[in-house]
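**Student:** For the sequence shown, the residue numbers in this note's numbering are 391 to 780.
Treat the hints as calculated values from the structure; they're not laboratory data. Wrong hints could be hidden among the right ones.
Here are the computed distance ranges between Cβ atoms for each label pair [claimed, not checked]:
#, residue 1, residue 2, range
1, 763, 682, 27 to 37 Å
2, 439, 716, 45 to 55 Å
3, 519, 487, 16 to 26 Å
4, 716, 505, 52 to 62 Å
This one's a predicted model, so the numbers in the text were calculated from it and none came from an experiment. By construction, the Cβ of each residue, glycine as well, lies at the ideal position given by its N, Cα and C atoms.
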Amino acid sequence: VERRTTTATVRIFSNPEEKKNPSQRLKNKHSWEYYVHFIGKDRRMDQWVRYEDLRFTGPDIKIEVVHDNHGFDEVSLKNHEEATKVRNVDKIQVGPHVMNTWYFSPFPAEYTKYRMLYFCEFCLNFFGEKSELDRHCKRCTWTHPPGLEIYRSKDQGIEVAMFEVDGSKEMVYTQNICYIAKLFLDHKTLWEDTTPFLFYVLTEVTPRGCSVVGYFSKEKSTELHPHGNNVACILTLPCHQRKGFGKFLISISYELSKLEGKTGAPEEPISDLGQQAYNSYWKGIILDILANPEHKSITIAEISKLTSMTYKHIEQTLKALDVIQYDSAEGYMISVPKSLIKSHLDKKRKIAEDKKRVYVRPCDPKKVRWFPHHARLLQKRARQKAMALS
Numbered sequence: 391v392e393r394r395t396t397t398a399t400v401r402i403f404s405n406p407e408e409k410k411n412p413s414q415r416l417k418n419k420h421s422w423e424y425y426v427h428f429i430g431k432d433r434r435m436d437q438w439v440r441y442e443d444l445r446f447t448g449p450d451i452k453i454e455v456v457h458d459n460h461g462f463d464e465v466s467l468k469n470h471e472e473a474t475k476v477r478n479v480d481k482i483q484v485g486p487h488v489m490n491t492w493y494f495s496p497f498p499a500e501y502t503k504y505r506m507l508y509f510c511e512f513c514l515n516f517f518g519e520k521s522e523l524d525r526h527c528k529r530c531t532w533t534h535p536p537g538l539e540i541y542r543s544k545d546q547g548i549e550v551a552m553f554e555v556d557g558s559k560e561m562v563y564t565q566n567i568c569y570i571a572k573l574f575l576d577h578k579t580l581w582e583d584t585t586p587f588l589f590y591v592l593t594e595v596t597p598r599g600c601s602v603v604g605y606f607s608k609e610k611s612t613e614l615h616p617h618g619n620n621v622a623c624i625l626t627l628p629c630h631q632r633k634g635f636g637k638f639l640i641s642i643s644y645e646l647s648k649l650e651g652k653t654g655a656p657e658e659p660i661s662d663l664g665q666q667a668y669n670s671y672w673k674g675i676i677l678d679i680l681a682n683p684e685h686k687s688i689t690i691a692e693i694s695k696l697t698s699m700t701y702k703h704i705e706q707t708l709k710a711l712d713v714i715q716y717d718s719a720e721g722y723m724i725s726v727p728k729s730l731i732k733s734h735l736d737k738k739r740k741i742a743e744d745k746k747r748v749y750v751r752p753c754d755p756k757k758v759r760w761f762p763h764h765a766r767l768l769q770k771r772a773r774q775k776a777m778a779l780s
């Protein structure tokens, strides 16, 4: 099949005769497929469509669209969209899970001829043929990511483990996880050099081993700044979404910030789905604090100290909850309706009581076994200096 890109106004339709009679599709088979982008929709909705499923209606339909530039200036956005206009891989398989991809990812040139790629669920090496993956799996001895385990828990039918992987020590593994992430994150830059980053890989513990479900990365240098980003890139694989993994990743990123003694925030631009996950987490964690009788009178600075959230995101969340009131005598103050607290607690209780639901809860701070990377380096240098002096 020859694949082409074009700009035109089209309608996509389904031929009912082909559904009744599959052989009819073979008779109508055309040698072209078209890559279709839906104006005003996110590019993860793009798809290859057979010629027979298109009806060209002309370019005279005008649609006004307001673009979200995701932090790019106009020139950068145009260059980015031109370079990544056509999705180059349609599907990937990671372990037993097959996923439709959403965006372009800059895989090496030798893989551009494959429409589906196969990943080892442990070492993340990828192949263009299923037979190549099968041969690899017979030899692969990995059962977990190549890093230090910093967290493990079992709850609601899921056992999870998280590993810290240093991008400077495991470049191939971290580059491969970036290739996967770029398939599902549009406005993120993929760096070939992963040396400046730490990767926190979340896995589901299965009888086969620790299989990747998501991850977040952060720059090592941000530990030196009191208000830096605590997440550079964050992703839950689509096959594992709606199980609580996204909120878990967000929650542990803030727990690490607490151990660093700093506030943190995700690096912008952030995807629409990522923004939804963060908004939900921020609202939940702030309502947990406001529902506590010990915090009847609390300031934004105190909320920031308890959560490691930035003032900016606390203010945005309080405004979204509509709990900031103005009093001519007192000024601005936080006033939470009892109905809002009751609704929040009822929702949490309902989730906790649903024992059949496969769901991972947010990070338990008591189970985190982690020490800041920069402090570890200082300790290592101090030990080396002491050994040299002795």
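**Student:** Sort out which numbered hints this structure fails and list those numbers smallest first.
**Tutor:** Violated hints: none at all, because every hint is consistent with the structure.
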